[in-house]
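Residue-level listing of the chains:
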Amino acid sequence: MTTSLLELRGVNAFYGSAHILQGVDLSVQSGERVAVVGRNGVGKTTIVNTLLGIAAMRGGSVHMRGESLLKLAGHTAATHGIAVVPQGRMILPNLSIEENLKLGASLRRPGEWTLDRIYGLFPMLAERRRSPGTALSGGQQQMLAIGRALMANPDLLILDEPSEGLAPVIVDELEKLLRDLTETGVAILLIEQHLRLVLDLAERFYVLSKGHVSETGLMKDVDRETLQARIMQ
Amino acid sequence: MIINALNGLVYGSLLFILASGLVLVYGLRRVVNFAHGAFYMLGAYIGYSVAIHAGFIPGIIAAAAVLIAVGVALDLVVFRKLADRDPLVTVLVTFGVLLVLEDFVRTVWGTGNYAIDPPALLSGVVQIAGAPFPIYRLFIVFASALMAGGMVIWLRYSRSGLWVRAASHSPVVAAMCGVRTNVLGPLVVGLGAAFAGIAGIVAAPFLSLNPSMGAEILVMSFVVSVVGGLGSFGGAFISAMILGQIQAFGVVYLPEIAALLPFLLMALVLVVRPQGILGNKV
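So the protein lines, in turn, are chains F and G.
Counting from 1, position 140 in the first sequence corresponds to residue 140 in our numbering; the numbering is continuous, with no gaps.
Counting from 1, position 189 in the second sequence corresponds to residue 189 in our numbering; the numbering is continuous, with no gaps.
FYI, nobody ran anything at the bench for these hints, they're computed from the structure.
Being a predicted model, the structure only gives us computed values, none of them experimental.
Every residue gets a Cβ at the ideal spot worked out from N, C-alpha and C, and that includes glycine.
Check the hints yourself; a few may be wrong.
Simulated restraints, written as ranges between beta carbons of each label pair [what the hints assert, rightly or not]:
#1 G:L92 / F:Y15: 45 to 53 Å
#2 F:G165 / G:W154: 30 to 38 Å
#3 G:V89 / F:A135: 33 to 41 Å
#4 G:W154 / F:A56: 47 to 55 Å
#5 F:A56 / G:E256: 56 to 64 Å
#6 F:Y15 / G:A215: 35 to 43 Å
#7 F:D25 / G:V219: 52 to 60 Å
#8 G:S158 / F:D116: 16 to 24 Å
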């Protein structure tokens, strides 16, 4: 049996006394594209927040390449090769575009992603490298957030609602970019409410409902209507 | 007139060194640190005690070293432990630290005033616009510029400076990128305390030492921070320079209300631009 890149087993997570994740099981293999879907408020973002130590994990386990992540502090995920493109992008307005990218490389993990390569991928970031990150449009900020995450040379890239607020043509570009990325061996965990990107990109899915996984399967086995119906159940 | 302006520059420089530490700590920890005034006073006394035996430069180094240790301890014991509590709780604890350190100084050094001469190299006067001006006061301006420049270079061009700026805006994003934000806290609070300590010993030959010196100048450095915009170094610089001039010219031209002028300026800024000169809107 091969070891998963990321594996959550029976994870229970809380905000204060609010019990959000109730025994979540989830795994991602190297180079795989996995989606977590579900209605608003079912706990999708809490999966990310648990890995970032924002939501408190009280029960269950998280393993990365078989290694148990016992105490999830804010930097733990990054240390283990997980980079996050958070919901709302969270571009720091007090840093320039280039500084936002350099922040992503804080741990200096070895790999092929460098500032030059990011600028090659997103030339508009290079043109405006000295401008504040928040001077960019929504789509450009999304590229910056992805660039910042790639600068970490991650093994797993988690994207939380990356298509939110983006024009369809930008979502198409994003899908191509993420597909190309997995060909370099990076795994993707896509957390999305809108199904278009999920259907085009993911190989496997998890449906999250009321804090637990209600269904999982291969994307090729479901069509849009079936998946939509399972989300709404 | 020129001498007055220079005196304003000197006082403004001193306020800037002190307020910089306050701004640095507020930026990361979002806490108004009342103990900062006590750090200034403690730095002055420790620097004084070392300087009279070993010289002025060892006095500055000793003040900085002790205050770094005190700042690190404050972060580990107070700021980190109370990070999830109401900020007012932390502010009250820092006020308690101020009172404890004041009593500590009274116990060790007594309640009298102390004075210290500037080092021999910086004694004497120079003629500026036909009037004598103490060399030591020019040194205060130089020291302030050096510290401000050093801090700007550190924050702008070093990795740890980038991390501090990132964590000041969003500890979550900084940590998400792998920055150990808990390590930055002691670094920043230690540095902020060292700035206060250095301001204390640098001010010692210019102002006299007494146990209430911290509380007095703390009020002025709060005015600097509020007028400049909480968390803004650029704002603190502009505001310290303005307040220095107000102080220098106020005592000459409006002596009856000179002490009130900084507070009038603060009230005006709070009415017209509540976030301060360069502060972010809240």
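Outcome of the hint check:
{"no.": "1", "hint": "G:L92 / F:Y15: 45 to 53 Å", "result": "violated, 27 Å"}
{"no.": "2", "hint": "F:G165 / G:W154: 30 to 38 Å", "result": "holds, 36 Å"}
{"no.": "3", "hint": "G:V89 / F:A135: 33 to 41 Å", "result": "holds, 38 Å"}
{"no.": "4", "hint": "G:W154 / F:A56: 47 to 55 Å", "result": "violated, 35 Å"}
{"no.": "5", "hint": "F:A56 / G:E256: 56 to 64 Å", "result": "holds, 59 Å"}
{"no.": "6", "hint": "F:Y15 / G:A215: 35 to 43 Å", "result": "holds, 41 Å"}
{"no.": "7", "hint": "F:D25 / G:V219: 52 to 60 Å", "result": "holds, 58 Å"}
{"no.": "8", "hint": "G:S158 / F:D116: 16 to 24 Å", "result": "holds, 21 Å"}
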